[in-house]
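J.: Residues per chain, in single letters:
2 protein chains.
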Amino acid sequence: MENKIKVAIVGYGNIGRYAVDTVQSAPDMELVGIVRRKESLHNQQPNELSGIKVVSSISELPGVQVALLCTPTRSVPEFAKEILAAGINTVDSYDIHNQLADLRLELDQIAKAHKSVAVVSAGWDPGTDSIIRCMFKFMAPQGITYTNFGPGMSMGHSVAVNAIAGVEKALSLTIPIGTGMHRRMVYVQLKPGADFAEVEKAIKNDPYFIKDETHVQQVEDVRQLTDMGHGVVIEHKGSSGNAHNQRMQFTMSINNPALTAQIMTAAARASLKQPPGAYTLIQIPIIDFMYGNPDDIIRSLV
Amino acid sequence: MENKIKVAIVGYGNIGRYAVDTVQSAPDMELVGIVRRKESLHNQQPNELSGIKVVSSISELPGVQVALLCTPTRSVPEFAKEILAAGINTVDSYDIHNQLADLRLELDQIAKAHKSVAVVSAGWDPGTDSIIRCMFKFMAPQGITYTNFGPGMSMGHSVAVNAIAGVEKALSLTIPIGTGMHRRMVYVQLKPGADFAEVEKAIKNDPYFIKDETHVQQVEDVRQLTDMGHGVVIEHKGSSGNAHNQRMQFTMSINNPALTAQIMTAAARASLKQPPGAYTLIQIPIIDFMYGNPDDIIRSLV
Chain R
1377 MENKIKVAIV
1387 GYGNIGRYAV
1397 DTVQSAPDME
1407 LVGIVRRKES
1417 LHNQQPNELS
1427 GIKVVSSISE
1437 LPGVQVALLC
1447 TPTRSVPEFA
1457 KEILAAGINT
1467 VDSYDIHNQL
1477 ADLRLELDQI
1487 AKAHKSVAVV
1497 SAGWDPGTDS
1507 IIRCMFKFMA
1517 PQGITYTNFG
1527 PGMSMGHSVA
1537 VNAIAGVEKA
1547 LSLTIPIGTG
1557 MHRRMVYVQL
1567 KPGADFAEVE
1577 KAIKNDPYFI
1587 KDETHVQQVE
1597 DVRQLTDMGH
1607 GVVIEHKGSS
1617 GNAHNQRMQF
1627 TMSINNPALT
1637 AQIMTAAARA
1647 SLKQPPGAYT
1657 LIQIPIIDFM
1667 YGNPDDIIRS
1677 LV
Chain C
1377 MENKIKVAIV
1387 GYGNIGRYAV
1397 DTVQSAPDME
1407 LVGIVRRKES
1417 LHNQQPNELS
1427 GIKVVSSISE
1437 LPGVQVALLC
1447 TPTRSVPEFA
1457 KEILAAGINT
1467 VDSYDIHNQL
1477 ADLRLELDQI
1487 AKAHKSVAVV
1497 SAGWDPGTDS
1507 IIRCMFKFMA
1517 PQGITYTNFG
1527 PGMSMGHSVA
1537 VNAIAGVEKA
1547 LSLTIPIGTG
1557 MHRRMVYVQL
1567 KPGADFAEVE
1577 KAIKNDPYFI
1587 KDETHVQQVE
1597 DVRQLTDMGH
1607 GVVIEHKGSS
1617 GNAHNQRMQF
1627 TMSINNPALT
1637 AQIMTAAARA
1647 SLKQPPGAYT
1657 LIQIPIIDFM
1667 YGNPDDIIRS
1677 LV
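Going line by line, the protein sequences match chains R and C. So the number in this note's numbering is just where the residue sits in the first sequence, counting from 1, plus 1376. So the number in this note's numbering is just where the residue sits in the second sequence, counting from 1, plus 1376.
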């Protein structure tokens, strides 16, 4: 096939690793290469990257149409601006909920000026979960929607615990307890000489934890407890006109970075079908994310 | 508010009745009137329609922007063509799965020629369920999706039983038994002198029933058993790249015609944001179905 979509992966952490799989599994895509930090290029590349071009700048990869930004979320704005300005589409899974609307507006201007497309927050939450919440809202407009996360690791909460004095390494698990409330199960590996009781108190008073039921346990080796599984339950009870008690629920149990990489891959495809600008997932027709002939998709899935 | 969307309801059966509620509940819409068959205009209109203009042709309603086609599904193509040709958008919940792709292509030409928009099959299945099936497919492309309907009345199956000799009135309930298989619970009220054993045999051999586990019971009065509740469970197990066992499920328990009317109402709003042509729900961005300022929606729900 001549016209495969030329994709680059920027960043090779959890999500980047899975993105190699998801891009290579897509029948309509070609992985042009991976962009890593200069420092990491001095080392031997991992075995699974043999045969894949690894560079330190996207400009070294010819003909890239879409870049999957698999960097830490805070670096996304910087990379997106630079790559969009080079006329290359970007897809990210930016996950800071209260800043994504502003990021989109900012990238929208840059993308329009350089005839490129950004798909912003193309993960599962924000992302596909947002689509579900919006659908529930237009299907039964009056009512309440709860998003219950877990069980699974919260990156943000784990990082917050890592920053507390005396903590060598930490893991914070999010456990759903219904109606959008969550229990925090925190596992800490202490630095030599640290006092567990003090660490526990500091965690429970941290702004990330102070409002939630939080349990802290000391363990020998946090890495032994870490898996990439996650989940969500989104529940809505509302009314359609005067018909009450319309109940809807969406549930997933998933490998977190793999699903994120897969959604970003679908969004890369969709990016090529939008006019220049920046989009969240709810601004793009569902069919644009899918592989295949549109009329065949309508015939088989609608 | 000056610029409310002017909506007409065409047909006043199960869905049309609920559409009066859902259109009147939408803050951005105005119900201009209801189009009914000429014959029904000779009768006294039901109380709930007092104050609402009821006419026999949409041409008697000035300024209509969108018509919700709440007629029997088989009449949808005829009404849609006529109304689209008058430059008025249409929304239907056409539910014949294997014909909707062709209907869309046909209406697409008429809509483009007359600068109008058709939203085709804007119910829950086909409709919002189709969106969910497509999402599951792009989130975990390899794998199987099962759609399990019920418990709830199947209109098509009930009509098929009504056509069998000796049947006065019938109700066929769809019961989900997993992996997309369904049990049919059929309740029949017989005509005087009809033989139950013969009716039962005829039902079980009918093409609508022959492949399914079917149970037939004789009852005195079918109407006593009829409610408008329905439901669905859509389940998907698949892989994202090489990550297997990605599990997703969508469940609803709903008032069937009320949900259909609500989705059609949302689609009426969306129709005004599309270029001329005919669309299924998967071809329209989710945000277009929603009431409110797009940037506010992105800030609150994404």
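No lab work stands behind these hints: they were computed from the structure. For glycine and all other residues, C-beta sits at the position ideal for the given N, C-alpha and C. Worth double-checking, as some hints may not be accurate.
From the derived model, a few chain R residues whose C-beta atoms are all more than 10 Å from chain C [stated by the list, open to error]:
1) P1448
2) K1457
3) N1524
4) I1586
5) T1590
6) D1671
Computed Cβ-Cβ distance ranges for the label pairs, DEER-style [as the list claims (entries may be wrong)]:
7) M1557(C) - P1651(R): 55 to 61 Å
8) R1675(R) - G1556(C): 57 to 63 Å
9) R1623(R) - E1596(C): 46 to 52 Å
10) N1621(C) - V1535(R): 34 to 40 Å
11) L1648(R) - I1520(C): 26 to 32 Å
12) R1623(R) - M1557(C): 58 to 64 Å
13) N1419(R) - G1556(C): 34 to 40 Å
14) V1595(R) - E1589(C): 33 to 39 Å
15) N1474(C) - L1648(R): 29 to 35 Å
16) D1672(C) - E1436(R): 38 to 44 Å
17) E1589(C) - N1669(R): 53 to 59 Å
18) N1669(R) - L1425(C): 17 to 23 Å
19) L1601(R) - E1589(C): 44 to 50 Å
20) N1669(R) - Q1421(C): 23 to 29 Å
Below, computed lysine-lysine pairings styled on DSSO-like, alpha-carbon distance capped at 30 Å [what the hints assert, rightly or not]:
21) K1613(R) - K1380(C)
22) K1488(C) - K1457(R)
23) K1488(R) - K1382(C)
24) K1457(C) - K1488(R)
25) K1649(R) - K1429(C)
26) K1382(C) - K1613(R)
27) K1580(R) - K1567(R)
28) K1577(C) - K1649(R)
29) K1649(R) - K1649(C)
30) K1567(C) - K1649(R)
31) K1613(C) - K1491(R)
32) K1613(C) - K1613(R)
33) K1382(R) - K1613(C)
34) K1613(C) - K1488(R)
35) K1491(C) - K1613(C)
36) K1491(C) - K1649(R)
37) K1613(R) - K1488(C)
38) K1488(C) - K1491(R)
J.: Is K1613(C) close enough to K1488(R), meaning Cα to Cα at most 30 Å?
T.: violated, 38 Å
J.: For N1669(R) and L1425(C), compare the CB-CB distance with the range 17 to 23 Å and indicate the outcome.
T.: For N1669(R) and L1425(C) the Cβ distance comes to about 45 Å; the hint is violated.
J.: Please confirm whether I1586(R) is truly not at the interface, meaning its C-beta sits more than 10 Å away from all C-beta atoms of chain C.
T.: holds, 24 Å
J.: Run the distance test for K1613(C) versus K1613(R): straight-line Cα separation, threshold 30 Å.
T.: holds, 26 Å
J.: Check the following: the C-beta atoms of D1672(C) and E1436(R) are separated by a distance inside 38 to 44 Å.
T.: Holds - the Cβ-Cβ distance for D1672(C) and E1436(R), about 42 Å, lies within 38 to 44 Å.
J.: Is the distance from the Cβ of N1419(R) to the Cβ of G1556(C) consistent with 34 to 40 Å?
T.: Violated: the Cβ-Cβ distance is about 50 Å, outside 34 to 40 Å.
J.: Take a look at whether the Cβ-Cβ distance between N1474(C) and L1648(R) falls inside 29 to 35 Å.
T.: Taking Cβ atoms as reference, N1474(C) and L1648(R) lie about 30 Å apart, which means the hint holds.
J.: Checking one constraint from the list: CA of K1488(C) to CA of K1457(R), max 30 Å. Satisfied?
T.: Not satisfied, since the Cα-Cα distance of roughly 38 Å exceeds 30 Å.
J.: Quickly compare the C-alpha distance for K1491(C) and K1613(C) to 30 Å and report which way the hint goes.
T.: violated, 42 Å
J.: So the hint says 46 to 52 Å: do the beta-carbon atoms of R1623(R) and E1596(C) match that?
T.: violated, 32 Å
J.: For the range 53 to 59 Å, tell me whether the beta carbons of E1589(C) and N1669(R) fit it or not.
T.: violated, 36 Å
J.: Any Cβ of chain C at or closer than 10 Å to K1457(R), or is the non-interface label fine?
T.: holds, 19 Å
Checked against the numbered hints given earlier, the structure breaks hints 6, 7, 8, 9, 10, 12, 13, 14, 17, 18, 20, 22, 23, 24, 25, 28, 30, 31, 34, 35 and 37 and satisfies all the rest.
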